[in-house]
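Take a look at the letters that make up each chain.
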Amino acid sequence: DVKVTQSSRYLVKRTGEKVFLECVQDMDHENMFWYRQDPGLGLRLIYFSYDVKMKEKGDIPEGYSVSREKKERFSLILESASTNQTSMYLCASSFSQGLNSPLHFGNGTRLTVT
Amino acid sequence: GNSVTQMEGPVTLSEEAFLTINCTYTATGYPSLFWYVQYPGEGLQLLLKATKADDKGSNKGFEATYRKETTSFHLEKGSVQVSDSAVYFCALSRIQGAQKLVFGQGTRLTINP
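As given, the protein sequences belong to chains A and B, one line each in that order. In our numbering, each residue carries its 1-based index in the first sequence increased by 22. In our numbering, each residue carries its 1-based index in the second sequence increased by 16.
Chain A with its partners taken away, still in its complex shape:
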């Protein structure tokens, strides 16, 4: 089974801190994604990556950056955390861009910024 592991289940950070959310997948998937999940808004795409060192903005990239130095690891960075970034963050990966390749999600990191 594909495993997508997010390093932290819960995080509490202060406003202005630099925050790193880590995600690792173990199935040599090409594509990796970061979403945030908020009540009433569903999932919104922050950034995604189709290859090592490659990244593209999603729908809500402001205030975030990403890093993909190795194929299995995709990091989400909050340069200066703000309270409106309190949310559930979900990482996902997939084998290819084809429609028969489903997204595999991690269990999420619930981030609280105080």
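Misleading hints may appear alongside valid ones.
Listed below are the simulated SDA-like cross-link pairs for lysine to any residue, each with C-alpha atoms no more than 25 Å apart in a straight line [unchecked claim]: (1) A:Lys35 with A:Ser104; (2) B:Lys116 with A:Ser87; (3) B:Lys72 with A:Thr134; (4) A:Lys35 with A:Pro124; (5) B:Lys116 with A:Ile82; (6) A:Lys35 with B:Gly57; (7) B:Lys72 with A:Lys77; (8) A:Lys25 with B:Lys76; (9) A:Lys35 with A:Phe117; (10) A:Lys79 with B:Thr42; (11) A:Lys79 with B:Leu62; (12) B:Lys116 with A:Glu94; (13) A:Lys93 with A:Pro124; (14) A:Lys92 with A:Asp81; (15) B:Lys76 with B:Thr40; (16) A:Lys79 with B:Gln61; (17) B:Lys76 with B:Gly57; (18) B:Lys72 with B:Glu32; (19) B:Lys116 with A:Lys35; (20) B:Lys84 with B:Leu64; (21) B:Lys84 with A:Pro124; (22) B:Lys116 with A:Arg90; (23) A:Lys93 with A:Val135; (24) A:Lys79 with B:Gln121; (25) B:Lys116 with A:Thr37; (26) B:Lys84 with B:Arg110; (27) B:Lys116 with A:Glu44; (28) A:Lys25 with A:Val46; (29) B:Lys116 with A:Pro83; (30) A:Lys75 with A:Thr105; (31) B:Lys93 with B:Thr44; (32) B:Lys93 with B:Thr126; (33) A:Lys75 with A:Glu94; (34) B:Lys116 with A:Thr108; (35) B:Lys116 with A:Phe117.
Note that these hints are calculated values from the structure, not bench results.
Chain A is already provided as a structure; the job is to place chain B on it using the hints.
Chain B only, in chain A's frame:
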């Protein structure tokens, strides 16, 4: 633009009841449609999908039919179980990038014994 609208939750049913969760979409072209499920404390997982009009996706007793004329992809199950309690997300793929899914807001389903 592309968007997905799901029925408001939460939805509470008794075991063995019939389930419908409505999903309608707005999209250019011919997107593919998906239902993902999120069980408590877990990430999302793909439940079923349909890639063209009139296709029916099915899995674990759930079904959804891609209706182009009504731009809908309603999720149905004939007899729900307590273990079906979860949050259900309808999603579509954008034409420019098959993997860049647009999700609905999610519908929380609770099944009582």
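To see whether the hints hold, each was checked on the structure:
no.: 1; hint: A:Lys35 with A:Ser104; in the structure: 9 Å, holds
no.: 2; hint: B:Lys116 with A:Ser87; in the structure: 18 Å, holds
no.: 3; hint: B:Lys72 with A:Thr134; in the structure: 40 Å, violated
no.: 4; hint: A:Lys35 with A:Pro124; in the structure: 32 Å, violated
no.: 5; hint: B:Lys116 with A:Ile82; in the structure: 13 Å, holds
no.: 6; hint: A:Lys35 with B:Gly57; in the structure: 21 Å, holds
no.: 7; hint: B:Lys72 with A:Lys77; in the structure: 34 Å, violated
no.: 8; hint: A:Lys25 with B:Lys76; in the structure: 22 Å, holds
no.: 9; hint: A:Lys35 with A:Phe117; in the structure: 33 Å, violated
no.: 10; hint: A:Lys79 with B:Thr42; in the structure: 22 Å, holds
no.: 11; hint: A:Lys79 with B:Leu62; in the structure: 24 Å, holds
no.: 12; hint: B:Lys116 with A:Glu94; in the structure: 19 Å, holds
no.: 13; hint: A:Lys93 with A:Pro124; in the structure: 18 Å, holds
no.: 14; hint: A:Lys92 with A:Asp81; in the structure: 24 Å, holds
no.: 15; hint: B:Lys76 with B:Thr40; in the structure: 22 Å, holds
no.: 16; hint: A:Lys79 with B:Gln61; in the structure: 23 Å, holds
no.: 17; hint: B:Lys76 with B:Gly57; in the structure: 20 Å, holds
no.: 18; hint: B:Lys72 with B:Glu32; in the structure: 22 Å, holds
no.: 19; hint: B:Lys116 with A:Lys35; in the structure: 29 Å, violated
no.: 20; hint: B:Lys84 with B:Leu64; in the structure: 17 Å, holds
no.: 21; hint: B:Lys84 with A:Pro124; in the structure: 22 Å, holds
no.: 22; hint: B:Lys116 with A:Arg90; in the structure: 18 Å, holds
no.: 23; hint: A:Lys93 with A:Val135; in the structure: 29 Å, violated
no.: 24; hint: A:Lys79 with B:Gln121; in the structure: 21 Å, holds
no.: 25; hint: B:Lys116 with A:Thr37; in the structure: 30 Å, violated
no.: 26; hint: B:Lys84 with B:Arg110; in the structure: 16 Å, holds
no.: 27; hint: B:Lys116 with A:Glu44; in the structure: 20 Å, holds
no.: 28; hint: A:Lys25 with A:Val46; in the structure: 8 Å, holds
no.: 29; hint: B:Lys116 with A:Pro83; in the structure: 14 Å, holds
no.: 30; hint: A:Lys75 with A:Thr105; in the structure: 29 Å, violated
no.: 31; hint: B:Lys93 with B:Thr44; in the structure: 29 Å, violated
no.: 32; hint: B:Lys93 with B:Thr126; in the structure: 14 Å, holds
no.: 33; hint: A:Lys75 with A:Glu94; in the structure: 12 Å, holds
no.: 34; hint: B:Lys116 with A:Thr108; in the structure: 23 Å, holds
no.: 35; hint: B:Lys116 with A:Phe117; in the structure: 13 Å, holds
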